[in-house]
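Here's the letter readout for the chains.
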Amino acid sequence: MLNFSKINTLIIYFIFFLITAFVFLNFQKKDNLYIDKKINLGLDLQGGSYLLLEINSDILIQEKIQDKVIPIKKLLKKNNINYSNFKIVNQSLFVNINNLDKFDLLFNSRKDNLVNPYIDAYRSFELVYKKISNEQIKISFSKFGLLTINNSALKQSIEIVRRRIDDVGTKEPTILQRGEKRILIELPGLKDPERIKTLLGKTAQLNFRLVTENKEFGTDKLISENGEELNISKRIIMSGENLIDAQPNINNQNNEPTVSFTLDRLGAQKFGRVTTDNVGKRLAIVLDGEIVSAPSINEAITSGNGMISGNFSFQEATDLALLLRSGALPTPLLIVEERTVGPDLGEDSIKSGATSLIVGFILVILFMFYKYKIFGLIANTALIANLLMLIGILTILEATLTLPGIAGIILTVGMAVDANVLIFERIREELKTEKSAIHAFDTGYAKAKITVLDANITTLIAAIILFAFGSGPVKGFAITLGIGIVTTLFTAYFLARHLTSLIVLNTSNKEIKI
Amino acid sequence: MDKKFNFSSKFKLANIFSLILFVTSILFIFFKGLNYGIDFKGGTLIELRSNNTDASAIRSLLNNMDLGDVNVKKFGQAGDYLIKVEQKINEGNKIIPKIKKNLSDNLKTDINFRRVENVGPKVSSELLQSGIIAISLSLAAMLFYIWIRFEWQFSIGSIIALFHDVVITLGIFSILSLEINLSIIAAVLTIVGYSMNDTVVIYDRIRENLNKYNRLSISEIADLSINDTLARTIITSVTTLLALISIFILGGEILRGFSFAMILGVLIGTYSSIFVASPILKFFKVTYKTLEKEEEKIVP
Numbered sequence: 006m007l008n009f010s011k012i013n014t015l016i017i018y019f020i021f022f023l024i025t026a027f028v029f030l031n032f033q034k035k036d037n038l039y040i041d042k043k044i045n046l047g048l049d050l051q052g053g054s055y056l057l058l059e060i061n062s063d064i065l066i067q068e069k070i071q072d073k074v075i076p077i078k079k080l081l082k083k084n085n086i087n088y089s090n091f092k093i094v095n096q097s098l099f100v101n102i103n104n105l106d107k108f109d110l111l112f113n114s115r116k117d118n119l120v121n122p123y124i125d126a127y128r129s130f131e132l133v134y135k136k137i138s139n140e141q142i143k144i145s146f147s148k149f150g151l152l153t154i155n156n157s158a159l160k161q162s163i164e165i166v167r168r169r170i171d172d173v174g175t176k177e178p179t180i181l182q183r184g185e186k187r188i189l190i191e192l193p194g195l196k197d198p199e200r201i202k203t204l205l206g207k208t209a210q211l212n213f214r215l216v217t218e219n220k221e222f223g224t225d226k227l228i229s230e231n232g233e234e235l236n237i238s239k240r241i242i243m244s245g246e247n248l249i250d251a252q253p254n255i256n257n258q259n260n261e262p263t264v265s266f267t268l269d270r271l272g273a274q275k276f277g278r279v280t281t282d283n284v285g286k287r288l289a290i291v292l293d294g295e296i297v298s299a300p301s302i303n304e305a306i307t308s309g310n311g312m313i314s315g316n317f318s319f320q321e322a323t324d325l326a327l328l329l330r331s332g333a334l335p336t337p338l339l340i341v342e343e344r345t346v347g348p349d350l351g352e353d354s355i356k357s358g359a360t361s362l363i364v365g366f367i368l369v370i371l372f373m374f375y376k377y378k379i380f381g382l383i384a385n386t387a388l389i390a391n392l393l394m395l396i397g398i399l400t401i402l403e404a405t406l407t408l409p410g411i412a413g414i415i416l417t418v419g420m421a422v423d424a425n426v427l428i429f430e431r432i433r434e435e436l437k438t439e440k441s442a443i444h445a446f447d448t449g450y451a452k453a454k455i456t457v458l459d460a461n462i463t464t465l466i467a468a469i470i471l472f473a474f475g476s477g478p479v480k481g482f483a484i485t486l487g488i489g490i491v492t493t494l495f496t497a498y499f500l501a502r503h504l505t506s507l508i509v510l511n512t513s514n515k516e517i518k519i
Numbered sequence: 002m003d004k005k006f007n008f009s010s011k012f013k014l015a016n017i018f019s020l021i022l023f024v025t026s027i028l029f030i031f032f033k034g035l036n037y038g039i040d041f042k043g044g045t046l047i048e049l050r051s052n053n054t055d056a057s058a059i060r061s062l063l064n065n066m067d068l069g070d071v072n073v074k075k076f077g078q079a080g081d082y083l084i085k086v087e088q089k090i091n092e093g094n095k096i097i098p099k100i101k102k103n104l105s106d107n108l109k110t111d112i113n114f115r116r117v118e119n120v121g122p123k124v125s126s127e128l129l130q131s132g133i134i135a136i137s138l139s140l141a142a143m144l145f146y147i148w149i150r151f152e153w154q155f156s157i158g159s160i161i162a163l164f165h166d167v168v169i170t171l172g173i174f175s176i177l178s179l180e181i182n183l184s185i186i187a188a189v190l191t192i193v194g195y196s197m198n199d200t201v202v203i204y205d206r207i208r209e210n211l212n213k214y215n216r217l218s219i220s221e222i223a224d225l226s227i228n229d230t231l232a233r234t235i236i237t238s239v240t241t242l243l244a245l246i247s248i249f250i251l252g253g254e255i256l257r258g259f260s261f262a263m264i265l266g267v268l269i270g271t272y273s274s275i276f277v278a279s280p281i282l283k284f285f286k287v288t289y290k291t292l293e294k295e296e297e298k299i300v301p
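Residue numbers (our numbering), protein chains in the order written: chain S, 6 to 519; chain Z, 2 to 301.
Think of the hints as simulated: they come from the structure by calculation, not from any bench. Take these hints with a grain of salt, some might be off.
Each pair of labels, with its calculated beta carbon distance range [said to hold, decoys possible]:
no., chain 1, residue 1, chain 2, residue 2, range
1, S, Lys437, Z, Asn72, 54 to 64 Å
2, S, Glu304, Z, Pro122, 47 to 57 Å
3, S, Pro348, Z, Lys123, 44 to 54 Å
4, S, Val491, Z, Ser137, 50 to 60 Å
5, S, Pro348, Z, Phe6, 30 to 40 Å
Keeping only pairs whose Cα atoms sit at most 30 Å apart, straight-line, the calculated BS3-like set for lysine-lysine is [to be verified]:
no., chain 1, residue 1, chain 2, residue 2
6, S, Lys356, Z, Lys123
7, Z, Lys123, S, Lys148
8, S, Lys196, Z, Lys85
9, S, Lys186, Z, Lys95
The beta carbon of each residue, even a glycine, is placed where N, CA and C say it ideally should be.
Isolated chain Z (complex conformation) (with noise of 0.2 Å):
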């Protein structure tokens, strides 16, 4: 990698790239709204597995016995189906035996129920209460951790980052209508984790070359800190890529979502860590002075 990319030259295009983007996100994910799964919305899901039934029959069978919103889909191989069922206030229980039984005696055919959930309206919102509140803990703890080992611009750079591919993670969720679980929660805290090590990275460097050059600008301590970590960002985003797509192909339909969601965040969280948090420092005005007031500070 001896080429040198001149990134700050991109930065403002990037900027308003990204703000565009982040943008769309929030409009969609207000607007169009996020598509919960039972996990956050309550209700009942079932699995199942039968000899090619076809899915309307599974549908007209099901909204004759008025259970109210009903989603079925094909899922996996053929024959397959989810169904998803709109939770009714505290009858969820007791509407698994009847729609079990309902399918099995009109369908003629052997059926396989593969996994059944149900998730009651106050542990769903329960459920999506301690999601959130670990995201944001998640990124209070980053920013703290950052401040610590670094200086507070290079903590609000980081966490700018991190929100940046929070919210764009999302807004795609929301603009493709794939389905937010517990699973996707995990995904989005795994990508705050893994943009952080990204920005770390460049952040340690940047430090570095602020104290080696302090000559230089920046723009040109950030050019050259990118350019001197490019090969590993590049070569740690393919790794976890080769092993995230493996397991999005090869890992069935469960983990789909999920590793979907970090493959999307894996990219995003490489570009920010080059095109958003580098070039918060450059807003700042960050130079070699920022670095030396904080060690007066340490030591007296």
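This is chain S alone, in the form it adopts within the complex (with noise of 0.2 Å):
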């Protein structure tokens, strides 16, 4: 296991140098990138804020089914089926039909349902019904529907919170889709998460509804801006969907901010008849049932623009468009964990990481000369390379170094050593009973082989089980000590053998002890 061929010899150097020659890449100036790689620091070591946020579905759901209610109803009239109570409960529709073979027909129907739509990707319908009696019948979505309008929400969701945060301006953002229902939200840098987090806390749904004594449509008691209560029409003349643009303004007449809206052609138009038929009343405008201003109607407005006054701050008219802008979430979002760490912090955990790092390679270093010296000196020889090699590995794979990531390499500086370890006790055995030291020292590698294989193998098991399972941070620390696994692995074998049987190779049988 001594004699390595000259192009062995290349390749493990070539390879080792190579990958060494990527942790330069961490050193480069900002200006001066040849190759843009190189190790990303975690927010627990940059300072920052982490957020994982839920849709709830549960309330989108209700609506939706609620919007069924009037297609049903229509498709059960025009084909004259007789139906009584029909009601709601618990997400699903409750009726009693009177001819339920033609109802299935017409349910059922793949061909131009535009009530229970057939979903070609899942070989499904939206809608399921269940007989519960001779005649009630219960309408629900099915498995496959409940997965369509959940996936279109998380989409929707996640394309409004990247604008919203966009539009803020915070530097490089993540914004990633986690599972069914959640999206993880990475700022990097930020000190205070408290007005990202007011931003997404708001649906931003925008009503424009009159203020009205008239019942035909139904009323909400709403309490304006002024602390009035108002009658508010549940018919809504225009939603936020109709704005193609909203801004911040500071009113020339009595200096209050403001915001400032245009409505697109639909909504222009819709606008313009409601403002034309209703001079003289007043217009509430709702965000989120919560009236903003309910102003009176003036005159028409057909022009498209309209604007929006209510006590703000310049800060609050601000967030106002930028949520007008970004438009309505389809559901609210929960924030379901947060994380920040501040930037001082970071750096401390910097600094201690660092140091530890450094103290306890050094008495590594030392003990192991201590213990073996002349092939101590080879094994830490090895160590370093190691060291050189994973921060060149990592750096190759832009990895992102967390704080359990730098206990991870320093572990790895402590459990490396092990390899030689083994390999040298084995050879120290073997020069016991062996007269040749080269001898000994070929069969005290082969022999440990398998050895630390197997010892290996072991605790990489245990590092992509903390890599399938672990989150943030943690898996940063699976990162480095499966990476550190591999590198120890190829040091010890290759880069430490080599070594050793140049000196082996080298010294006459008498001077070589271990």
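Since each chain comes alone in its own frame, lean on the hints to assemble the complex.
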């Protein structure tokens, strides 16, 4: 095992230097990027905010089933099916009908079925019905119908979250889908996530509704911005969907911050018609069920431009404009996990991580030298090479280094010498019985090989499982630990073995001690 | 390392000692319970740095807010505190700005909020669940790996040793009321890997020696193998401990729990490879024939 062909030696050192070269990429200046690769710092080291949001699709499903009421009623009427007792309970519709066979035929028709569309991707209808009794049926969303609603709500939410965060202008945000209901957001460098949290905490559903005593569409009693109790019609004249732009402004007359908005063509038409018909009445601008303001309509507004004033501070006006521009979230978002690290704690963590790494490293190196002298130097060279390669591979992968990740590197330093220790101890044993030192080294390496592999594979298994199940910083630990094992095997079995062979083959037999 | 220690004569004593530790740990884990951090229990954590505020002032301000169970303790240097607030259903995120404002307004000193974390009840229970799954899965994977590489007796032996290590480490955490959080789970998994590593080295030698000296009893073989590998066991433990102690002392507060768990784990893992994993082979009456039988099966 001590004989290396020239080509093997070349390959070993080529791999080593190639990977090590990547280490230097971490030190290049920003304006001098030949290859743009470096190790990223995790939020726990550079400071920043991590948020995990969850969509609440229950409310959405409630709305969607409500939306089905009129189409289903229409379908029944059009086809002369008598129905009674129409009601909604727990996201399901209950209805008594007299002609189930006919209903079944219509309900489960794949052609042009607008009431219950067939979802090709899942080979399933959106809705299913169940016979409760002879007359009563229960209609609810199918498994795939629910999935479709959920997925589109999640996608839409991610899009809107991205718009809102981009609009605030934080640097390099990461916004990702996590599982079926969650959105992960990482905001490096952000000290205080409260503003973002407030912005994401609002669905921003904007409605224009008339203040009225007319009960035709039903009314909601809402409190206006001045504390009056107003009856607001349930009929929505226009919603935020028709908005194409919104900007904060300062009103020239009274220096009050306001939000001016621009409507699309359809919105402008609707808005023009309603304001023409209702001059003198009050129009309530309702955001997420609360009145922003309820001004009187002084004249018809047909230009498609309008203005919202409502005792805002300039910050509030800016935020409202931002929310209106980005559009409404399909469901409220709940913040289910939040972690923020200040920049100075991050710096402290880097410092203490680096100090403990250096100290740990020196202690191990001294100990190994004390224990094995010249071969200790080989083990230590392997250890340094190991560390360089570990950092090199982390750079190639553009991995994220976390505080536990640094701990993983230190632990690798402590455990990496194990491979060489196993080998050296084995050689010591062989030297007791074997007369030829070269032979002893040879069999020592050969016999220790299986043990070294077995021992490291077990740790690798632990690292892989940790990577699969760990979250955030812990994943960083698993990565460094796992890569550390691979580099350990490489440096012990190739680099250190080659160095050992150089010494053993060039020394006369009697001098070698280990 | 030419001295030979007679380990097998101490097996019985060690096993009684292990059993006592193990049972005590189980009792503590079940009756006193584990001190879960917010990762697994849900709640809010705030780490702050101030100019010499005393803990009781912070405590009384927070107690006036009706937050439920509040825990304030010193964390690192003077003026650094760690505040933990129990989870009240889904209110977590809204109370953070309130707490910050209350402290900033009333403490009359500059406060630097260095770390703020909030974990909701759903996420925390998921994290706990995936932690338990990860540890169980790693034990199962080790069991399987050893079963493939060795024989079932070795597999059982190593898994009992691992179980011993994990339970006693957690037991000590329970006795000392130390916090269990995500990084402790990472530590426990690493301990599993490390302890396995140690056990495998000894088992490897036992297997080799069984083939070499088939006249010797398993106790003698175990003794011989443990002694053969003792130098390596000690040196590797020392280097790993050197690295860990460096993290424990210099790595800062956040890594302290992690490195403490690892230090415990390395000590217990090293002990268990010698005094738990090896005696089990004796219990199963493993001989060189155990190995032969398996080989016959493979080569028909």
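Outcome of the hint check:
1. S:Lys437 - Z:Asn72: 54 to 64 Å: holds, 59 Å
2. S:Glu304 - Z:Pro122: 47 to 57 Å: Taking Cβ atoms as reference, S:Glu304 and Z:Pro122 lie about 53 Å apart, which means the hint holds.
3. S:Pro348 - Z:Lys123: 44 to 54 Å: At 30 Å between Cβs, range violated.
4. S:Val491 - Z:Ser137: 50 to 60 Å: violated, 26 Å
5. S:Pro348 - Z:Phe6: 30 to 40 Å: violated, 53 Å
6. S:Lys356 - Z:Lys123: Given that 30 Å is the threshold and the Cα spacing comes to 34 Å, the pair is violated.
7. Z:Lys123 - S:Lys148: holds, 23 Å
8. S:Lys196 - Z:Lys85: holds, 20 Å
9. S:Lys186 - Z:Lys95: holds, 21 Å
This entry does not satisfy hints 3, 4, 5 and 6, going by the numbered hints stated previously.
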